Amino acid sequence: MCSLALFPPPLPSGQTTLCESNNELLSGTSTEDRPKQVRFTAAVITTLCVFCRTAFLDHSETLWMRSAAAWRDGGLTGLLTEITNSHTEVPKWLSVSSGCTLALLRWISSFHGSLFPHLTLSSEDMIAEFSQVLNWSDCVVRAFSWHPHTDKFAVALLDDSIKIYNPKSATTPTLKHRLQRSVAAVQWKPLCASALAVACQNCLLVWHVDPCSLSTRPSSGCAQVLSHPGHSPVTSIAWSPSGSLLVSASPVDTAVMVWDVAAESCVPLQRLGGGGVTFLSWSPDGSHVLASTPSTLFRVWETRMWTCERWPCVKGRCQSGCWSPDGSRLLFTVQGETVIYALTFTDAPGSRLYSVFIHASGDELIMLDLSASVGGEIQSLSWDPRGERLAVLLKGDPQAVDRPAIIAVFKTRTNPIFELLPCGFVQGEPGAEPRLMQFHPNFQHGALLTVCWSTGRITHVPFYFLSTGVPHFGLSGSPLLPRLQERPSAFANQSLFTELIS
Amino acid sequence: RAAASIAWAVLLLPPITAVFIILSRFSFLHPIHTISVIPTIACSKIALLGQLLHPRQFVSSVVHCIMGIIVAWCCAITIGGRYETLGYPCIQSDGSPQMCLNEYQLILLLAGAFVGFSHSLLGVIHNMNYVSFHTVQQYKYLRFKGSLPLVVKCSAIQALYSIRNYIVVYFFLGYIPRAWICKTLNLHLTSSAHPLDSIAGLLDLSLFYHLWISATFLLFTWYITLLLFRIFVTEVYSFPVQSSFTEDAHQCLPKVLLTDKQPMILKFLALQDLALLSQHSPSRRCEVFSLSQPGGHPHNWNAISGECLSLLADLTQRLVAYHDTVATNGRAKSLSTGSERKTSSETSGIPVSPLTAPFTPDLDSPFASPALRRLTAPVEQCSPWHGTVQSPHIMRRAPKLWSTSTGERRLMEDRSLRSNKHCRIQFELNRAVKNFLAKRVLIMYLFNKLPEASSQALFADSQAHIWALEGLSYLVQASFSEDHFGVVQTALPSILSCMLVLQEAVDRHFKLPHASSKPVRSTSSIGDSTYKTLRFALRATLKTAIYRITTTFGDHLNAVQMSAEHRKRLQQFLEYKE
Numbered sequence: 001m002c003s004l005a006l007f008p009p010p011l012p013s014g015q016t017t018l019c020e021s022n023n024e025l026l027s028g029t030s031t032e033d034r035p036k037q038v039r040f041t042a043a044v045i046t047t048l049c050v051f052c053r054t055a056f057l058d059h060s061e062t063l064w065m066r067s068a069a070a071w072r073d074g075g076l077t078g079l080l081t082e083i084t085n086s087h088t089e090v091p092k093w094l095s096v097s098s099g100c101t102l103a104l105l106r107w108i109s110s111f112h113g114s115l116f117p118h119l120t121l122s123s124e125d126m127i128a129e130f131s132q133v134l135n136w137s138d139c140v141v142r143a144f145s146w147h148p149h150t151d152k153f154a155v156a157l158l159d160d161s162i163k164i165y166n167p168k169s170a171t172t173p174t175l176k177h178r179l180q181r182s183v184a185a186v187q188w189k190p191l192c193a194s195a196l197a198v199a200c201q202n203c204l205l206v207w208h209v210d211p212c213s214l215s216t217r218p219s220s221g222c223a224q225v226l227s228h229p230g231h232s233p234v235t236s237i238a239w240s241p242s243g244s245l246l247v248s249a250s251p252v253d254t255a256v257m258v259w260d261v262a263a264e265s266c267v268p269l270q271r272l273g274g275g276g277v278t279f280l281s282w283s284p285d286g287s288h289v290l291a292s293t294p295s296t297l298f299r300v301w302e303t304r305m306w307t308c309e310r311w312p313c314v315k316g317r318c319q320s321g322c323w324s325p326d327g328s329r330l331l332f333t334v335q336g337e338t339v340i341y342a343l344t345f346t347d348a349p350g351s352r353l354y355s356v357f358i359h360a361s362g363d364e365l366i367m368l369d370l371s372a373s374v375g376g377e378i379q380s381l382s383w384d385p386r387g388e389r390l391a392v393l394l395k396g397d398p399q400a401v402d403r404p405a406i407i408a409v410f411k412t413r414t415n416p417i418f419e420l421l422p423c424g425f426v427q428g429e430p431g432a433e434p435r436l437m438q439f440h441p442n443f444q445h446g447a448l449l450t451v452c453w454s455t456g457r458i459t460h461v462p463f464y465f466l467s468t469g470v471p472h473f474g475l476s477g478s479p480l481l482p483r484l485q486e487r488p489s490a491f492a493n494q495s496l497f498t499e500l501i502s
Numbered sequence: 001r002a003a004a005s006i007a008w009a010v011l012l013l014p015p016i017t018a019v020f021i022i023l024s025r026f027s028f029l030h031p032i033h034t035i036s037v038i039p040t041i042a043c044s045k046i047a048l049l050g051q052l053l054h055p056r057q058f059v060s061s062v063v064h065c066i067m068g069i070i071v072a073w074c075c076a077i078t079i080g081g082r083y084e085t086l087g088y089p090c091i092q093s094d095g096s097p098q099m100c101l102n103e104y105q106l107i108l109l110l111a112g113a114f115v116g117f118s119h120s121l122l123g124v125i126h127n128m129n130y131v132s133f134h135t136v137q138q139y140k141y142l143r144f145k146g147s148l149p150l151v152v153k154c155s156a157i158q159a160l161y162s163i164r165n166y167i168v169v170y171f172f173l174g175y176i177p178r179a180w181i182c183k184t185l186n187l188h189l190t191s192s193a194h195p196l197d198s199i200a201g202l203l204d205l206s207l208f209y210h211l212w213i214s215a216t217f218l219l220f221t222w223y224i225t226l227l228l229f230r231i232f233v234t235e236v237y238s239f240p241v242q243s244s245f246t247e248d249a250h251q252c253l254p255k256v257l258l259t260d261k262q263p264m265i266l267k268f269l270a271l272q273d274l275a276l277l278s279q280h281s282p283s284r285r286c287e288v289f290s291l292s293q294p295g296g297h298p299h300n301w302n303a304i305s306g307e308c309l310s311l312l313a314d315l316t317q318r319l320v321a322y323h324d325t326v327a328t329n330g331r332a333k334s335l336s337t338g339s340e341r342k343t344s345s346e347t348s349g350i351p352v353s354p355l356t357a358p359f360t361p362d363l364d365s366p367f368a369s370p371a372l373r374r375l376t377a378p379v380e381q382c383s384p385w386h387g388t389v390q391s392p393h394i395m396r397r398a399p400k401l402w403s404t405s406t407g408e409r410r411l412m413e414d415r416s417l418r419s420n421k422h423c424r425i426q427f428e429l430n431r432a433v434k435n436f437l438a439k440r441v442l443i444m445y446l447f448n449k450l451p452e453a454s455s456q457a458l459f460a461d462s463q464a465h466i467w468a469l470e471g472l473s474y475l476v477q478a479s480f481s482e483d484h485f486g487v488v489q490t491a492l493p494s495i496l497s498c499m500l501v502l503q504e505a506v507d508r509h510f511k512l513p514h515a516s517s518k519p520v521r522s523t524s525s526i527g528d529s530t531y532k533t534l535r536f537a538l539r540a541t542l543k544t545a546i547y548r549i550t551t552t553f554g555d556h557l558n559a560v561q562m563s564a565e566h567r568k569r570l571q572q573f574l575e576y577k578e
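Residue numbers (the working numbering), protein chains in the order written: chain A, 1 to 502; chain B, 1 to 578.
Mixed in with the good hints, there may be bad ones.
Unchecked claim - The calculated lysine-lysine pairs, modelled on DSBU-like cross-linking and capped at a C-alpha distance of 35 Å, are:
no. : chain 1 : residue 1 : chain 2 : residue 2
1   : A       : K152      : B       : K449
2   : A       : K168      : B       : K577
3   : B       : K518      : A       : K168
4   : A       : K163      : A       : K411
Unchecked claim - Each pair of labels, with its calculated beta carbon distance range:
no. : chain 1 : residue 1 : chain 2 : residue 2 : range
5   : A       : P167      : B       : F485      : 37 to 45 Å
6   : B       : S281      : A       : P268      : 22 to 30 Å
7   : B       : M444      : A       : L104      : 51 to 59 Å
8   : B       : Y88       : A       : W64       : 50 to 58 Å
Everything labelled a hint here was simulated from the structure, so no lab data went into it.
All values derive from a computational prediction rather than experimental measurement.
Using N, Cα and C, we set each Cβ at its ideal position, and we do this for glycine too.
Modelling step: build the complete structure from the supplied sequences, incorporating the hints.
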């Protein structure tokens with residue numbers, strides 16, 4: 001049992017976590033005051049513009065156009081609502097009958113919704129509820145994804161555009177599409193340079209962004225649209241590590257869709273129970289997929305014959321999960337609990353370990369500092385690709401001023417036994433709240449945690465350490481570890497982490 | 001007289017035996033013959049028409065009609081009521097009792113025949129005898145359960161369309177079968193009941209419902225059969241990689257991959273198994289990398305990699321040949337090229353890979369007779385392949401196509417040079433005929449290429465190539481840590497160059513018009529349209545396969561020998577710029 005009580009105290013206000021070096025987290029007050037040596041290492045700050053979205057439908061359009069748009073966006077219910085609302089333009093019998101049908105539909109769906117309360121939510125609320133991003137609806141950065149092989153990343157913004165940043169190229173392509181709304185997740189296709197899957201409100205988009213192209217606005221012809229009736233909004237996507245399949249999940253659809261993207265065909269894996277699928281995570285070795293549902297149940301699919309195991313939770317739904325690099329261990333968290341559970345998958349079937357691991361402080365909240373106390377429910381988990389650092393995004397308490405959301409980082413070891421040691425807290429500037437985090441998939445000198453803050457900044461926090469010799473996937477040879485004296489120059493060459501993108 | 005009778009008996013014996021042999025060879029609706037893993041793609045309207053009017057198709061339509069009538073009759077009996085019998089006793093106006101025709105049963109029986117007929121026609125148009133393999137492996141029961149709603153939906157919708165068409169046909173032509181039935185069965189028409197081929201008669205909702213439900217039932221049984229057949233045929237079969245007993249050797253994976261005599265489905269199953277074993281089972285991979293016990297040769301790996309590489313090289317050749325014909329003539333002529341290749345390779349006696357055979361259109365259809373082929377593609381008879389040099393560009397490429405049979409080709413060239421004069425006259429004549437025909441709109445409509453079809457036909461069997469690519473790339477990836485004897489290392493240059501050449505050919509192909517246009521997705525059809533997107537799947541798999549090798553080996557690839565052009569190309573992959 002590891003508790004946050006063992007952690008070093010959080011930083012006083014005004015201090016920002018810069019990096020981990022020599023087994024301790026270094027901090028600084030602001031960008032200007034940073035010691036020169038650390039200044040290169042830490043990084044970088046991306047300020048992103050926020051655009052205002054056009055939230056209203058133009059009512060000067062004809063009824064026919066509006067109905068078509070309503071049919072496209074909201075299906076039958078949307079169409080009926082539109083007809084009922086524009087009762088001045090349609091014949092009376094039509095508006096009355098559509099009103100009655102709508103009432104009947106609502107009555108049926110409310111009955112259905114009493115079984116699965118999440119079905120009564122609007123699709124935006126549903127995405128916000130099940131997203132891995134903290135407070136998704138007002139978050140400037142709605143989704144983030146590192147490319148699995150190169151130093152580029154995609155950022156989905158509040159205005160439904162996606163930007164791709166690449167330190168090696170001068171252009172920053174902006175992806176916009178008519179159907180790209182309420183982006184819940186983005187992910188790059190492994191073993192491919194160009195394909196980016198985007199989970200949208202009504203469909204899935206797969207962009208093909210040519211890395212050599214100089215165009216800043218790839219046309220919407222570069223995007224494949226994958227949709228299946230009843231499979232929206234899409235809240236989670238996951239590529240198979242071999243790059244051949246894409247799975248997608250929607251909280252209103254009980255089936256997990258397995259897409260063959262090139263052929264644009266899908267196989268629904270239907271299992272009743274749970275009321276939908278909210279979060280998917282593919283294990284790095286490709287053998288298992290975690291699929292959590294809105295009810296107190298999650299499934300682990302085996303990807304050879306696509307059979308699944310049911311795992312009932314006691315208290316709430318499975319909120320987040322992550323896999324160890326060798327795919328043998330699954331960490332997951334349950335909503336309403338402040339505990340991280342671990343599941344161990346061994347080759348022999350039936351020998352599953354289901355153990356309680358970390359108690360991330362709940363009622364026995366530990367006051368660590370006069371100004372700041374930590375703890376709370378867990379929003380998301382992220383494990384670095386070597387399996388040595390585990391980042392946990394804690395929700396904090398929105399009511400209590402002194403309990404902000406915070407990222408706690410653990411040192412982990414998987415061999416010979418699974419171990420967790422406290423590392424420290426990652427904090428941003430005053431007033432900035434962490435919303436989203438992801439580890440860089442192949443950072444040479446240790447681990448690199450990218451954090452998106454509520455202010456719209458994206459910072460990279462490097463953790464420098466010597467790998468304990470866990471053979472890591474990717475087979476790109478042993479990492480070059482810089483010696484301490486060489487550090488400034490070494491980091492100056494790492495253009496990605498010093499560049500200032502405006 | 002006795003002698004004459006005996007002589008006659010002896011004389012009649014051979015024809016009777018011949019008839020017996022023919023009848024014994026004729027297997028009724030043998031599923032392996034009717035179902036194929038490679039779709040037949042009609043490259044023009046006329047080829048589709050040829051498929052539809054093929055005698056085999058005619059027999060199948062008749063069988064479907066009869067089955068439709070039988071099922072409809074069963075439905076009529078089950079529904080009962082007014083549908084139960086074909087005739088009923090009635091009193092004519094003059095008071096004499098006689099049998100009258102019950103038109104309700106007749107309309108139901110004819111509906112069964114019509115639905116059967118349209119099912120068999122749509123089967124050809126939608127390539128319903130094509131079996132595709134799923135990318136996701138599932139147990140049979142789960143797959144069946146998952147597809148069941150689609151089958152129900154498809155049969156209901158298809159039945160609706162068929163019945164709609166049937167009612168229109170019956171409205172206009174219904175009196176013909178009615179009169180015929182009345183005449184043959186000596187039934188009478190009642191004057192009191194109004195005939196059903198009128199608007200009032202057909203506006204009977206209950207009749208429409210019964211017709212629709214019977215048609216749905218009929219189509220549902222057929223679709224279920226088809227679905228079960230597909231599920232059972234495409235189930236993964238695990239071939240042993242090597243066997244310790246020599247009598248089982250022909251069942252081993254390398255042997256099954258190499259032999260071409262077996263039905264195509266076996267080769268596909270073997271390739272699928274290869275792709276899966278390379279991905280999922282380390283123990284079987286180990287067998288692939290192993291050395292033979294006396295001698296120490298990597299026979300398994302050599303056989304598997306050799307077959308995969310030859311498959312890929314075959315596709316590359318096909319693409320290059322197609323691209324060159326398009327480039328020289330400005331338009332596609334895959335139909336003629338294909339048939340040309342088939343006929344000439346048959347004459348020269350090269351064992352042509354069966355994978356290329358389906359690429360050629362259905363040659364035994366009556367519309368693809370030699371006369372027609374000459375008509376559609378007059379130039380080819382005198383084309384460079386037969387020796388008349390028209391463009392040095394094509395001549396330069398020719399050895400590539402015929403690399404395996406240079407001697408045979410020379411022989412054919414001699415022969416064609418002799419017939420050169422005759423050929424030229426024929427060429428002139430054909431051009432005149434063609435110019436004349438080109439002015440007729442209908443002919444042009446029938447003979448014009450369907451834009452995407454030639455591209456689809458090129459990649460019709462690409463599922464095999466996809467598996468070959470996956471199998472090879474996963475094996476190469478695994479060899480980085482699992483191959484203790486270094487058997488894969490020796491083949492690495494050839495594998496890389498083969499993939500890069502194919503990549504180049506595929507890239508060039510996708511620059512052609514219509515090659516990269518997406519087909520319309522149809523969800524409400526039981527016919528499998530996977531073959532329409534195989535070329536996209538192949539392109540994606542090819543890129544992923546090369547990336548899989550480059551990410552695994554990284555900078556070690558610099559030590560691999562290859563041409564400067566390929567190295568440049570590979571560098572693009574190493575930098576993730578493809």
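Tested hints:
1. Taking the CA atoms of K152/A and K449/B, the gap is about 44 Å. The hint is violated against a cut of 35 Å.
2. For the hint linking K168/A to K577/B, the alpha-carbon distance of about 11 Å falls within 35 Å, and the restraint holds.
3. Restraint check for K518/B and K168/A: satisfied, since their Cα atoms lie roughly 33 Å apart, inside the 35 Å limit.
4. As the CA atoms of K163/A and K411/A are separated by approximately 32 Å, the hinted pair is consistent with the 35 Å bound.
5. Roughly 42 Å separates the CB atoms of P167/A and F485/B, a value that falls within the hinted 37 to 45 Å.
6. The given range of 22 to 30 Å is respected by S281/B and P268/A, whose C-beta atoms sit roughly 27 Å from each other.
7. The hinted window of 51 to 59 Å between M444/B and L104/A holds, with their beta carbons roughly 55 Å apart.
8. Between Y88/B and W64/A, the C-beta spacing of about 53 Å keeps the proposed range 50 to 58 Å intact.
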